[in-house]
Amino acid sequence: MSAAAIASRVARPVRTHLDWLESEAIHILREVAGQCQNPALLFSGGKDSSVLLRLAEKAFRPGRIPFPLLHIDTGHNFPEVLEFRDRRAEGLGARLVVRSVEESIRRGTVRLRSQSDSRNAAQSVTLLEAIAELSFDAAIGGARRDEEKARAKERVFSFRDEFGQWNPRDQRPELWSLYNARVRPGEHVRVFPISNWTELEVWQYIAREGIELPSLYFAHRRPVVRRHGLLVPVTPLTPPRAGEAVEELSVRFRTVGDISCTCPVESTAGDAEAVVAETVSVRLTERGATRMDDQTSEVSMERRKREGYF
Amino acid sequence: MSLAGDLERSVLAGAERGVLRFVAAGSVDDGKSTLIGRLLYDSRAILEDQLAALERASLRRGAAGIDLSLLTDGLEAEREQGITIDVAYRYFATPRRKFIIADTPGHEQYTRNMATGASTADALVLLVDARKGVVTQTRRHLVLAQMLGIRRAIAFVNKMDLVGYAQDAYERAVEEMRSFAAPLGFETLEAMPGSALRGDMVAARGGSLGWFTGPTLLERLETLESGAEEAAAGPMRFPVQLVSRPHGGAARGYMGRLESGFLLAGEEVAVYPGGRRTRIRGIRGVAGEREIAVAGDSVTVVLADDLDIGRGDLIADAGAPPREARSLDAMLVWFDAEPLRPGTRLLAQHASRRAPACVSEIVARLDVNTLQERSPDGPASANDILRVRLSLQAPLFVDSYRDVRATGAFILIDEATNRTVGAGMVS
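So the sequences go chain by chain: A and B. Take 1369 as the starting number for the first sequence in the numbering used here and just add one per residue. Take 6 as the starting number for the second sequence in the numbering used here and just add one per residue.
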């Protein structure tokens, strides 16, 4: 009997869109392990990188994840996210490497106008320094093509030259699932296994897999002020300005980045299922609702990406 | 907009048919960007802040209402902002399916972009202007899509509002399209009239095309057979990506993605190179042991015998083996600015295997407008489509691209620059 004939008798599992995305991401992660000498997985404790970590766990099971985790600490992170990051890495028995923007400032490679300036862009410098210091030839990140226009055109395996720069005009053609990760010393590739996922799918996957996240991602009460249509959290780094009224609202964060530029949205979603339901009916894109730095210009992301940003 | 409500319900209920990838193509000004904008808009993939940005941009350009074409950047807008003209991927979902659109610009680097977008697509959605009918670019898109292995094409005869929704205009365009495309051998070749601008026959039927009884574009896309469903019917092909050697007694496993056919526990298989026979002892899926894997599944395979297998090897159907090739006849799309000169040493990447290779002969150059093959005069340049003969330093285990996409495809890498310089399909 042919395999197909036998197969038709065996109950065939339905492949949902999440299964499809998961299988693709695992294939990509295994290609990194197969092609690259010294990859690192960028793990911040945020939701996208937590999904990435779960995928890596599944890709290499029953073995361990065959590369270290790398976090670029801006020095402006939410403490509970850092605590979560450390706990997750330890639970997996993974090696966690942390490099901080603070060190780059001390070295003089990062110069900020003020201490409270957003360090989101400065991360690029520290990241490239870490990649050079540790000779990584691949950095796996949780960026998605639906996040932003410039990303919609980026490859899954995205080449970076010896200066860490992305050249959107000269990307390697990427056909089928034949990924070309070859680089010369000093160059590297960024790899985005969840390129084809949307924010909704990330949340659906978190709900399906029961992936643990920092509690900031779920509804909690927090003092905020309203500024340019955003809810700005009141913290020592982001105090209220003169004339602004502080309110305490039920909010959650959709992205968790640098404190100085990450804003929550009003929400009552206490768990991942509730966030899925809210996301289905959400009316603002993730970055539009929560990132002060992306509002500056339509092309700001492309510019930052060229310079070595995630 | 009932679609959005349906989406909400179905996402929560989880009823669906996986993923469909399609490439959207058309000539300049045929309304491709508007169609994509319309699909995203009607399926509510566009959100408030994007809509606000769209309104501002539309206003700046003096449009009367919202110009949906601006949503996907439009060629002009891209030039203005200096954003690269390249394949862009867009996403939307309906209650039934997730869709991935490869949006391929029609101008510069046209062959490269179309080949890239088509390589992973299950279907072609081709825009045809009802007033102009089939033009040179329409023909090129059909030829390239077919060459890249797309078996299902849908022609959306657009701008019906500009021809008074006249049935004869539609039928003329369809007739032209069919007479050109029939010899190309698509498995299905369908057409539908519509207006992306007004939304007729995209997600909703609209009120002006009562004479057309077929499905809307979205309805058709929801039910079209996907590439994964097609690949499941092919011979079993499992390229090994990695070997897992877990500590403490667990059996050695071969990690990879099943690219074609089915894998069944107990089944006899052959391992290449060598063609050694063994049996599948077990299949580990991402959620545990399983009896069966289907094309598209990333799994770990455990074999009955202890063979020396590594990355780049191929586990295949023992009854329908791949071809061991030291030389290959193939169609090649050349990408690099550096011309292809026969005899240059390159690296062929095929499934999870790489082998030093060189193009020993350029047999012919294909004219995509006429489908004629001409004798090649001189070295090939960027965006040429060539029939070539390739010599390989080590064997590859291949299928004809027509039969199995994953094991019929390869890319060529320049070892000096590491650039991907060409993409090939085994004849």
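Hints in this document: simulated from the structure, not taken from any laboratory. Cβ coordinates follow ideal geometry from the N, Cα and C atoms, glycine included. Treat the hints with caution; some may be incorrect.
[Stated by the list, open to error] Some chain A residues near chain B, calculated using beta-carbon distances under 10 Å:
hint, residue
1, Gly1431
2, Arg1513
3, Ser1563
[Unchecked claim] If you want a taste of the chain A side facing chain B, the calculated C-beta under 7 Å gives, among others:
hint, residue
4, His1385
5, Arg1455
6, Leu1546
Now for the hints, and whether the structure bears them out:
Restraint check, A:Gly1431 versus chain B: the minimum CB separation of about 5 Å is within 10 Å; hint holds. A hinted interface residue such as A:Arg1513 counts as satisfied when its beta carbon comes closer than 10 Å to some beta carbon of chain B; here the least separation is about 5 Å, so the hint holds. For A:Ser1563, the shortest C-beta to C-beta distance to chain B is roughly 8 Å, which falls under 10 Å, so the interface hint holds. Here the hint on A:His1385 is kept, as its CB sits about 4 Å from the closest CB of chain B, short of 7 Å.
For the restraint placing A:Arg1455 at the interface with chain B, the shortest Cβ-Cβ distance is roughly 24 Å, beyond the 7 Å limit, so the hint is violated. Taking 7 Å as the C-beta cut-off, the interface hint given for A:Leu1546 holds, the closest approach to chain B being about 5 Å.
In this structure, the one hint that does not hold is number 5.
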